[in-house]
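Q: Based on the hints, put chain B in the right spot on chain A.
Listed in order, the protein sequences are those of chains A and B. First residue of the first sequence? That's 1094 in the numbering used here, and the numbers climb one at a time after it. First residue of the second sequence? That's 99 in the numbering used here, and the numbers climb one at a time after it.
Everything labelled a hint here was simulated from the structure, so no lab data went into it. Glycine included, C-beta positions come from ideal geometry on N, C-alpha and C. Hints may be right or wrong, so weigh each one.
[Claimed, not checked] Using 20 angstroms as the maximum straight-line C-alpha spacing, the simulated DMTMM-like pairs for lysine to aspartate or glutamate come out as follows:
no.: 1; chain 1: A; residue 1: K1171; chain 2: A; residue 2: E1145
no.: 2; chain 1: A; residue 1: K1104; chain 2: A; residue 2: E1145
no.: 3; chain 1: B; residue 1: K208; chain 2: B; residue 2: D182
no.: 4; chain 1: A; residue 1: K1104; chain 2: A; residue 2: E1194
no.: 5; chain 1: B; residue 1: K140; chain 2: A; residue 2: E1194
no.: 6; chain 1: B; residue 1: K166; chain 2: A; residue 2: E1145
no.: 7; chain 1: B; residue 1: K99; chain 2: A; residue 2: D1149
no.: 8; chain 1: A; residue 1: K1164; chain 2: A; residue 2: E1145
no.: 9; chain 1: A; residue 1: K1108; chain 2: A; residue 2: D1179
no.: 10; chain 1: B; residue 1: K140; chain 2: A; residue 2: E1137
no.: 11; chain 1: B; residue 1: K140; chain 2: A; residue 2: D1179
no.: 12; chain 1: B; residue 1: K99; chain 2: A; residue 2: D1150
no.: 13; chain 1: B; residue 1: K99; chain 2: A; residue 2: E1161
[Claimed, not checked] Taking CB as the label site, the calculated pair distances span:
no.: 14; chain 1: A; residue 1: T1204; chain 2: B; residue 2: S157; range: 31 to 37 angstroms
no.: 15; chain 1: B; residue 1: K99; chain 2: A; residue 2: A1095; range: 32 to 38 angstroms
no.: 16; chain 1: B; residue 1: S157; chain 2: A; residue 2: A1095; range: 18 to 24 angstroms
no.: 17; chain 1: A; residue 1: D1149; chain 2: B; residue 2: A176; range: 19 to 25 angstroms
no.: 18; chain 1: B; residue 1: G181; chain 2: A; residue 2: N1144; range: 34 to 40 angstroms
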Amino acid sequence: EAGVVQSPRYKIIEKKQPVAFWCNPISGHNTLYWYRQNLGQGPELLIRYENEEAVDDSQLPKDRFSAERLKGVDSTLKIQPAELGDSAVYLCASTRQGNTEAFFGQGTRLTVV
Amino acid sequence: KQEVTQIPAALSVPEGENLVLNCSFTDSAIYNLQWFRQDPGKGLTSLLLIQSSQREQTSGRLNASLDKSSGRSTLYIAASQPGDSATYLCAPWNAGNMLTFGGGTRLMVKP
Chain A
1094 EAGVVQSPRY KIIEKKQPVA FWCNPISGHN TLYWYRQNLG QGPELLIRYE
1144 NEEAVDDSQL PKDRFSAERL KGVDSTLKIQ PAELGDSAVY LCASTRQGNT
1194 EAFFGQGTRL TVV
Chain B
99 KQEVTQIPAA LSVPEGENLV LNCSFTDSAI YNLQWFRQDP GKGLTSLLLI
149 QSSQREQTSG RLNASLDKSS GRSTLYIAAS QPGDSATYLC APWNAGNMLT
199 FGGGTRLMVK P
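If we strip away everything but chain A, and leave its shape as in the complex, we get (with noise of 0.2 angstroms):
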């Protein structure tokens, strides 16, 4: 069974440009996480998906940065425009519904320059 899968890996793009981080999660994963790594730091969470709805974007700056999950599958987490601090591992993870263990994808290593 696959695991979870993002793309790109990374991504080197100028202040103010936009960007998108895409995620595939588990098969029959129904829960879907999106959060953000500091260098040194541990992850925070941004966004989390209950199959399409979004259950807990207290987080996310929504003044830059948007998701969305169609069909409640894949995820696609965006940010527009970038700034400096956005430079960071965007982390994204599921689980299945009743099971609370989740699984993580390698990341996107996003710099902004």
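A: Only chain B this time, still in chain A's reference frame:
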């Protein structure tokens, strides 16, 4: 809001030592607790999941304990090896499928 602290932040030991990594959390109303490993530049790999009704969980040389009432979990690594070098992250699960991470312990095992 759940807050998670991991001590020590970094640890360097010679190969063969037995290690103890500590995790404390402020909200004891957790469902489960998960320990992860993260290699440099990689995602998180799940090591152990301890159910709230359990006191400990074992996988190979790893043993994790959970004292829910005191808000503490410990990851014990027996006979450490250079391949164990990584960052170890503790994450309790709260209601609403909330997974909160500590800052991690960066472990270096020297040959």
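Q: Would the hint linking A/K1164 and A/E1145 be met if the CA-CA limit is 20 angstroms?
A: Distance ~6 angstroms between A/K1164 and A/E1145 Cα, so the pair holds.
Q: Between the beta carbons of A/D1149 and B/A176, is the distance compatible with 19 to 25 angstroms?
A: 38 angstroms, violated
Q: Would the pair B/K140 and A/E1137 pass a check requiring their Cα atoms to be no farther apart than 20 angstroms?
A: 16 angstroms, holds
Q: Taking 20 angstroms as the top limit, are the C-alpha atoms of B/K166 and A/E1145 close enough?
A: Between B/K166 and A/E1145 the Cα gap is close to 33 angstroms, so the pair fails against 20 angstroms, i.e. violated.
Q: For the pair B/S157 and A/A1095, does the Cβ-Cβ distance stay inside 18 to 24 angstroms?
A: 22 angstroms, holds
Q: Are the Cα atoms of A/K1171 and A/E1145 separated by 20 angstroms or less?
A: 16 angstroms, holds
Q: Check the hint pairing A/K1108 with A/D1179 against an upper bound of 20 angstroms on the C-alpha distance.
A: Between A/K1108 and A/D1179 the Cα gap is close to 9 angstroms, so the pair holds against 20 angstroms.
Q: B/K99 and A/D1150: Cα distance at most 20 angstroms?
A: Satisfied, since the Cα-Cα distance of roughly 15 angstroms is no more than 20 angstroms.
Q: Verify the proposed pairing of B/K140 with A/D1179, using a straight-line Cα cut of 20 angstroms.
A: Holds, at roughly 18 angstroms.
Q: Taken at face value, is the distance from the CA of A/E1194 to the CA of A/K1104 at most 20 angstroms?
A: 29 angstroms, violated
Q: Against the 20 angstroms threshold, does the CA-CA distance of B/K99 and A/D1149 hold or violate the hint?
A: 14 angstroms, holds
Q: Holds or violated: are the alpha carbons of B/K99 and A/E1161 at most 20 angstroms from each other?
A: Judged against 20 angstroms, a Cα distance of about 26 angstroms means the pair is violated.
Comparing the model with each earlier hint shows violations of hints 2, 4, 6, 13, 17; every other hint is respected.
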